[in-house]
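*Asks:* One-letter residues, chain by chain:
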Amino acid sequence: MTTRSIRARLLLGGGLAILLALVLAGAGLNWLFQRHIERREVQSLEAKALELLPALRLDAVGRPLADAQPTDGRFARPASGLYWQASTSAGLIRSSSLWDQQLPVPRAVAGTNWRLRRVDGPFGHRLFVIARAIRPDASGRVVVVQFATDDDASAATMHEFRREAALALLLLWLLLMGAAAVQIALGLAPLRRVQAQLQALRRNSGARLSTDHPREVAPLVDAINALADARAADLERARHRAADLAHSLKTPLAAMAAQSRRARAEGAPQAAAAMDSTIAMAGAALEAELARARGALARDAGVGPTELLPVAEAVIAVLERTERGGRLVFTVEVPAALSLPVATAELTELLGALLENAARHARRAVRIRAGEADDTLVLQIDDDGPGMAEPDMARALQRGRRLDEAGPGHGLGLAIVTDLVEASGGALTLAQADQGGLRVLIRWSHRHDAGYRPRQ
Amino acid sequence: MRVLLVEDEPAVGADLAAALGDAGFVVEWVRDGAEAAFLGDTEDYAAAVLDLGLPGLDGLSVLRGWREGGRSFPVLVLTARADWTEKVIGIEAGADDYLAKPFAMGELIARLRGLMRRVAGHLSATVTIGRLRLDTTRMCAFVDDRSVRLSALEYRFLEVLAHQPGRPVAVHAIAEQIYGTADSGDTNAIEALVTRLRRKIGSELVETRRGLGYLLPDGSA
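Chain order of the listed sequences is A and B.
Numbering-wise, the first sequence is residues 2 to 457 according to the numbering used here.
Numbering-wise, the second sequence is residues 4 to 224 according to the numbering used here.
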């Protein structure tokens, strides 16, 4: 079987097996019913024959004679469908219903038991015939007695029976197929549940499949959970490696900066300047690589959901400690239960980069709003700074650029942000804020369905 | 001005020590977390520069140890990781500012001076107005002895009102004092500031007098 669907496979197999069983059952029923009808015919004909047999005798030349004839009126009516005939090699007598026709005489009628057969009889009918030999006198000469009845009626009965039986068996087949479909659906239900939970796992790498699955599915579920654990551990290791790499490279860079300061102090300002620019380049390249690694990790880690409000407050608490952030008002208009489809570490990174950027340009205030409308989650960050011209907005979204290339800061600004947003299936746009500053809008559409909702 | 420098990398540490010395600080340089924890607990420093990646006891644990022990000197955290998760953890552990490596020496000195300026100049450590208590050295507020972390702006707003408890201060006067200058757009900013502040310390602790401004109820009323 080449089909890839277990359901189709089971249905096809079950359907064929049931069909085979029903065909065999139909054949058996047909055979039994036919035998039953034949037996009744034989009994009926035998009863009529008993009226003739005692009355049979032979004349001198060996022709059969009958002293009395069977009483059934149909023997007297020509072509009535009920016939008899007694024959010897010398001659024959027959019922009037045969008229001028005769029944073919079987070549060898051995015993005295009735033997039955079907023959094409007179008047274009198919006949059901019983025949036996009797010896009416002591001479030992044999008379072949045959009684026949029209087979058409029983053939019609058989035909009707077959049709009705076939119909009944077909209905039975449909019923059994329905039952098989229900059973297959019940049998596959645990797999569907596994599939639904896998969807949840794909959205949220922290989720695991539940452990209350049937015994047959449990090993699969355990294997998937083990795989997810291993993957989470790998990701965690990768995250740590990225952090370790940062530490192990940045500390030597800081040491080099110390050397450069010493060089400048000892009267080699050109060498010091060259070193400084090299250090800056190495640092920028390192940051870019780390940002890319973080974006890739975010893509692998799956998506949140993470409650927005506590993360936003934590990031703002950091910014409020800084010189610039301390002079700003951060307005947070975020529903307490709202979650975004981003893992906690990535959401922290995302908000950090966006809010730091907003704080860098804001004059007095930065406003964070988030909500859900028309099946879309929207995060909006406004500042009241100088804002940005349309062409600059388009340029700012290009890969590797910062919103403010000249400003201080170690992040890659929007490059990190767009990486993280894309990894979580969102879309980022820039617009003008109500107060004239820059507005960053991030939208997550509900195509990710309910996965970002906080679990109860 | 004694500054505790905690940095395990010799070249960076030597450079930092020299630069801080040039800037006029008295530097004590330790390379080990356990020693830093001990010194911070027992000596009085004007500030500390703390590297988070330390052998022995890591920087975050050192910092938490100081804060749990009630040490309130400002701490500037140095970190090789530039990610926000670590910044958040660092601030929550009690850091006052952070700087990612590699950093410009001039910026470090400026930030450190900024931190020390915030602390200096306040002779009286606390001001109490009703249920509200302001800690002028750590720039934080206590409401019924519950600690609330404030931004510099929020703290200055409260400080302005605290000079005249029970009496309203006009919005433009507040804007002038906390921003240095004031223009018509600042009214919205102050309003947003009050909204945020009320969420942190409780709405009844900052009252609005329509047309007059804001006031801190002095508790006697």
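It should be emphasised that the hints constitute simulated quantities derived from the structure, not laboratory data.
The reader is advised that the hints may include incorrect statements.
To be verified - Result set (EDC-like, lysine to aspartate or glutamate): computed pairs, CA atoms no more than 20 angstroms apart in a straight line:
#: 1; chain 1: B; residue 1: Lys203; chain 2: A; residue 2: Asp68
#: 2; chain 1: B; residue 1: Lys203; chain 2: B; residue 2: Glu95
#: 3; chain 1: B; residue 1: Lys203; chain 2: A; residue 2: Asp73
#: 4; chain 1: A; residue 1: Lys49; chain 2: A; residue 2: Asp68
#: 5; chain 1: B; residue 1: Lys203; chain 2: B; residue 2: Asp147
#: 6; chain 1: A; residue 1: Lys49; chain 2: A; residue 2: Asp73
To be verified - Cβ pair distances, simulated, as ranges:
#: 7; chain 1: A; residue 1: Val379; chain 2: B; residue 2: Arg134; range: 46 to 52 angstroms
#: 8; chain 1: B; residue 1: Asp35; chain 2: A; residue 2: Met282; range: 29 to 35 angstroms
#: 9; chain 1: A; residue 1: Ala272; chain 2: B; residue 2: Ala176; range: 51 to 57 angstroms
The beta-carbon is built from N, C-alpha and C at its ideal position, and this holds for glycine as well.
*Asks:* Decide, hint by hint, whether the structure agrees.
*Replies:* Cross-check of the supplied hints:
no.	hint	in the structure
1	B:Lys203 x A:Asp68	violated, 130 angstroms
2	B:Lys203 x B:Glu95	holds, 16 angstroms
3	B:Lys203 x A:Asp73	violated, 116 angstroms
4	A:Lys49 x A:Asp68	holds, 15 angstroms
5	B:Lys203 x B:Asp147	holds, 13 angstroms
6	A:Lys49 x A:Asp73	holds, 8 angstroms
7	A:Val379 x B:Arg134: 46 to 52 angstroms	violated, 38 angstroms
8	B:Asp35 x A:Met282: 29 to 35 angstroms	holds, 33 angstroms
9	A:Ala272 x B:Ala176: 51 to 57 angstroms	holds, 55 angstroms
Hints 1, 3 and 7 from the earlier list are contradicted by this structure; the remaining hints agree with it.
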